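A.B. asks: Read off the chains here:
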Amino acid sequence: MKPSTLKWGLPILFAFGALPAFADAFIAQPASDYGLKIAGLSYVMMALCILFFILVVGVIAYSLWKFRAKGPNEEGVAIHGHTGLEIVWTVVPALIMIGLGVISTVLVIDQLNPPKKTLLVKVTGYQFGWDFEYYESDAAATGAEFETIRNICGNPAVMVKIKSLHVKSTDQFTIPKDTDIRFLTTAKDVIHSFWIPEFLIKRDMVPGLVADFWVHPIRAGEFTAKCAALCGASHGLMTAKVSVVEPEQFKTWLASQPVAN
Amino acid sequence: MSETHTTDHPHSSYPAWTNWLFTTDAKKIGFVYMIMAFVYFFVGGACAGAIRIQLATPTMNFVDGVTYNGLVSMHGTVMIFLWVMPFIAGIINFVMPLQIGARDMAFPRLNAMGLWLFNAGALVLMATFFLGMPQAGWTSYAPLSILDKKEIGMDLWILGIQLLGISSIMSGLNFIVTIIKLRAPGMTIFRMPLFVWSSLVVGWLMILAMPAIAVTLTEVLLERHFGFTFFGPAHGGDPILYQHLFWFFGHPEVYILIMPAFGIISEVIPVFSRKPIFGYKLMAWSMILIAFLSFLLWAHHMFASGMDPRLTLPFMILTMIIGVPTGVKMFNWLATMWKGKIYLQTPMIFALGFLITFAIGGFGGIILASIPIDLHITNTYFVVGHMHYVLFGGSVMAIFAAVYFWFPKMTGYRLDEKLGIWHFVFTFLGSNITFLPMHWLGMLGMPRRVLTYSAIYASDNLMATIGGFIMGLAQLILVWNWWITLKKKEKCVENPWNSKGLEWTHASSPPRPDNFEEIPTVTTDPYDYGVPAPAKAAKEAKAHG
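One line per chain: the protein sequences are V and U, in this order. Under this note's numbering, the residues of the first sequence are numbered 1 to 261, in order. Under this note's numbering, the residues of the second sequence are numbered 262 to 806, in order.
For the record, the hints were derived by calculation from the structure and aren't laboratory data. Note that the structure is a prediction, hence the values are computed from the model and not measured. Zero decoy hints are in this set.
Using 20 Å as the maximum straight-line C-alpha spacing, the simulated DMTMM-like pairs for lysine to aspartate or glutamate come out as follows:
hint : chain 1 : residue 1 : chain 2 : residue 2
1    : U       : K600      : V       : E74
2    : U       : K761      : V       : E75
3    : V       : K122      : U       : D569
Looking at chain V on its own, in the form it has when it is part of the complex (with noise of 0.2 Å):
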């Protein structure tokens, strides 16, 4: 290896290696394992974004230093353009997109095909609370297609089929470590969005439509969920509390609760 290469080389890896130390500031510490594939992505873009904005300014600091006029009445150089360069700088960003475009897609893909056995919660939103309901699916079929799923949740005749947990909670609620969970989001009267920021994704509660979203959580831990889109006075105070525990603790608390209808 060249020593110039080295020069230059070993900065720039220490700087894309020194990235995750940084981790806590910049994103939300993943909790599950969905959500580190979002902070890795974040982190990569951010390092091309750091790149990129370099570039920018270097270009900028050294135009300033040796292009500046000295006199009064100069003028620069009769240059028009470059068709080389310009094609060199719409191709080199266009094929950065394509590949982040497809990182994207793959991450979408993966929300699409949720597992067929998953611990369904229902979150509904309302001004200013939510209503957390658990479902359990045993039958595989009823995880398996997307339409599917969104029938079954926004169909109460169907859901019936389902082998339900009924549980309410406005403040408070918890869910198991190493489980996958669907979360079913809707809402009562005006737009909520759900969000735990741990788990990196969020999904809008639109009243008479039930999206979907699901993750693994990896962590245990105490979380907030918060409301993420205005629904009101109090929005800003639209939290609950998430305790992400242990399966079988899981299983004791759900059982401590009431059993609803």
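Chain V is already provided as a structure; the job is to place chain U on it using the hints.
C.D. replies: For chain U alone, coordinates are given in the frame of chain V:
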């Protein structure tokens, strides 16, 4: 247009100020637009100040929830519709006819009517501060905006935006017809300065995007008071439909706000580098492409909305595609400075500030374009940070560049350089201190439009508040600069920046009511630097010999 055409009535018996009220002179209309824009800039800034005081600490109790949401709604509305948009209309009215060698806009009376409607709409919006502010944010998502039918703020908001929308459609139409029909002889379409190109593109954006919001808000009004159902789920309406309609207007609107900034920066950088713009045709085409694409990616505001996730993919791809022509513009501006002769004066300093802050805004946009990352940070402070880097670091920086650049043209006096530099330093530092921490506040977990937050976000929020006040107070330096410059009345030279634009080379400062003594004939490309004209070469040879 006849040679005797003049739009004022010097011999009328009306008092002098009615000249400004009844004027059809594009320059006077432009001037009123810009002055009103700055007035509302400070109104919107006061809203922002109140918001930042409330958010200075997590336990602050400066305003209640209703007032807070009202301030949030009005800050966005005022800054977009009553600050950046009228300023754009004003600067285009003043500068564009001069740049293409026209005596006035194509439809001077329509122009005046646009200004009247703007003032009427602005007054209606100002009334909400006294009668009750709208509660649903500048986006006014249904069903929140249709739920409380007694809330007068919402109805006033709809009325105000409708008036402003009609005004914008009139302006847009006028820009297009003027540029197509009234160019001076020799001013071919590819000899137009890029600011004129941006005016043409923004005209199209205005007449195509504004009807969408007009229809949407009419539907909201019908649903609020006349028993119709469009968006309310209680009677089978679709809340997601509102978002599709709103963002079909809302996304092109973002480009209405930034496109003239592209034009301004494309004027300032060649002039202060004394070098032709790099890749003129690509710069013009990229504006057209960006404007066209801006109509096709509205749903990137809705990735988390609950719309079918499969349909979000094309919007992500189109959003990433629009980053490419935007990047091209960035690189072409940088290349314009290369091997130029750079004069680091106030308009150029603000243009360089634009390049840096708009770059950060663009990066935020690329990060937000990625659906999986967006699902984490949409509706958080990351978006607030990104959007202010684009709108403040982009549009407003460019507006300041335009103010320093064209002030001598409008008044004949040049703004003080030293005060201008201080204005830039505090504006630039203040805005970055305010908006940069918002990016990680959002990434860490702070939603937007909240009036309190968990204590772990306290230090970054305090920083943003301090930065906000630095930025706000910095604007007083600009006002002070105007005051002393207009008081000193020191005439500056006709073309202080050595620009090649028609507005500098063929019109006096300030220009006469009909702009030009004689309509010039254009023989060269814009930004014709670096090629010594025969007369000039001969003069230089004489001086040296």
